[in-house]
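Protein chains: 2
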Amino acid sequence: METPHIVIDAGIMANNINKMAQAAMDAGVKLRPHVKTHKMPSIALKQLQAGASGITVAKLSEAELMAKHGITDIFIAYPIVSPGKIDRLLRLSSQIKLIAGVDSMESATLLAEAASQSAQVISVRLEIDTGMRRTGVLYGEAVELAERIAAMPSLRLDGIYTYRGALFNGKPTLDLKTAGEDEGRLMVDLASRIRQRGIPIEEISVGSTPTARYVAGVTGITEIRPGTYVFQDRMQARYGVCSPEDWAACVRVTVISRPSADLAIIDGGSKTFATDIQPMVNPLQLEGFGKVLGWEDIHFERVSEEHGMLRIGPAAQTGSLRAGDILHIVPNHICSTINLHNEVLIRYENGAEQVVSVLARGLLE
Amino acid sequence: METPHIVIDAGIMANNINKMAQAAMDAGVKLRPHVKTHKMPSIALKQLQAGASGITVAKLSEAELMAKHGITDIFIAYPIVSPGKIDRLLRLSSQIKLIAGVDSMESATLLAEAASQSAQVISVRLEIDTGMRRTGVLYGEAVELAERIAAMPSLRLDGIYTYRGALFNGKPTLDLKTAGEDEGRLMVDLASRIRQRGIPIEEISVGSTPTARYVAGVTGITEIRPGTYVFQDRMQARYGVCSPEDWAACVRVTVISRPSADLAIIDGGSKTFATDIQPMVNPLQLEGFGKVLGWEDIHFERVSEEHGMLRIGPAAQTGSLRAGDILHIVPNHICSTINLHNEVLIRYENGAEQVVSVLARGLLE
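These protein sequence lines map, in sequence, to chains A and B.
Using my numbering, the letters of the first sequence correspond one by one to residues 1 to 365.
Using my numbering, the letters of the second sequence correspond one by one to residues 1 to 365.
If we strip away everything but chain A, and leave its shape as in the complex, we get (with noise of 0.2 Å):
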């Protein structure tokens, strides 16, 4: 493949893979990757066989995409609230096992209508928000929505779930202890609010990579949810939760020009790396765009869409870096630098190569 191009090594992601597999069952909780991470089924595969008891998509076309390939156990992290995108989810409901997220009496309530029509019975599963303010029913409304729908007889409620991440009391922390703790805490608590009501809730969900050995401690939680851990970045070193040694993906670049000593550009920019994850944004400080692998005092400061922009440091300047040369970053966030690309390199332990599609790359639906 030329450059730029993503390069996975399959040793350190099945490291990476077997790790959580490991942790999520000395935790006593069900792991259920999200699979928004990397996007193939291949590797959707490869969690499942290591343990995975399912997997987490957030969009429906992610769904059917990876049912094609064979994957019968799939939660929609996701309000699916528009009438065609319904009429597809429950058709894929009746092929395999299926789970859809619900948050409000709105989403619910399409659903359900749509669910009775065909005379089907849809488990879902309810969002809340703890902090992140994103989707998610309000905490603090949470207990009585649960209700209403639990009252709802084509859907059947087989738990609630939140995603928080990083957060802790609505602010970004690297302090991922008490915020996993707090996470866990939070959902349990509800959880025994709602069964007060008579109400089962067989699983309580959370998860990300950076809290999740700490929420899965929390007693009473059952699930976890990760995705960035199959391939760790640099922002999951950043938090702590993995190391230069298990990032399993890079960006492989060509320097295209050294116009000036203190300047190298490479051939990848904001469509190569993604920039959702900028520079100096707190907590994380993370410096530039991507950690140039193997070189210090190398610092990816620029991007324009097609272009990137090193600065040379004094340390580095000696070394002999021209056009024709090529470097290997690690970029901030993997999930979304995925994305940007049709296809991958996979590098296998025996020195084999493959060159795998991504296939749910840009599946928006």
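I should point out that these hints are in silico values taken from the structure, not numbers from a laboratory.
Treat the hints with care, as some may be off.
Since the list gives no way to pick one copy over another, a pair counts as held whenever it fits inside one copy or between any two copies.
[As the list claims (entries may be wrong)] Under the rule of at most 20 Å between Cα atoms (straight-line distance), these lysine to aspartate or glutamate pairs were calculated in the EDC-like manner: (1) Lys85 / Asp73; (2) Lys171 / Glu305; (3) Lys85 / Glu2; (4) Lys171 / Glu301; (5) Lys46 / Asp246; (6) Lys171 / Asp262; (7) Lys85 / Glu343; (8) Lys85 / Asp325; (9) Lys68 / Asp87; (10) Lys46 / Glu343; (11) Lys46 / Asp73; (12) Lys30 / Glu202; (13) Lys46 / Glu349.
Given chain A, work out where chain B should sit, using these hints.
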């Protein structure tokens, strides 16, 4: 098409295409639009039909795709330095009128040697850094480099080019007139000094949607290479080069949740809206990640990968916005946003709609 997806208004797009073609004709310069904005051969063909003399691409793979769809005059405004790509460039150059960007002795020598070995003569243009600190030979070193390139028998130096956009003296600016005129003057002065060495410089190519009208007016400039004008976007409106009536592209999204009166969640985040033009960056000071059309006091404040968070201000709270409702949002930067989508919906003036693949999407090589 289900949401989220891009909608393109064919009538507005045609108007944008025609206006820029007319502006180029009025200024007596050639128009060679950069197709990185739309990445669709069918739209490139419309630009050519409207009077463009050829097209500009950033990457070899884009050039190959556009050539496959019948486009025969292509400028790759990017140094190509990898041996495999240079082979492909030579092949393409034997099939169409191709001009390759060079910006250093290294890139020129690599091309010249390969061309010589295959007994070809390649047309090249020398990229000049006029202040962006990206690719491009340093301004002060350009005359000497032009002389050395012109002496290479397997290269034909057809001119010089730069990209500076809305910069003045290296700083982002809203004063496009000064920026454009300065860019033009720098390039014309340089061409004159190169010509004094007996080297013919046919083309002085500059560009960018923000500065096109000003730089095209500088005597001696022969070509402009704007890209974004085909759709325009929120950034360009902020620059003052278009008005909201010129926005030919927007993203159609669905409200999926209204957790509280001050918050609406839409089904598009950083995998749907590009994040390379961030909110509140100088000099644009754009608020949020896009403009919600038809609503005041709704602010597209936050994104995660598949969620967009709209803050609903007091003036909008009386609105009846609810889950299932459709909104149209003009992104900050349409070029990198289009690149996130596999397909777009084109709406014609007669009401017809057509789904068109973004064929060059993700072509990074």
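Which numbered hints turn out to be false for this structure?
Violated hints: none at all, because every hint is consistent with the structure.
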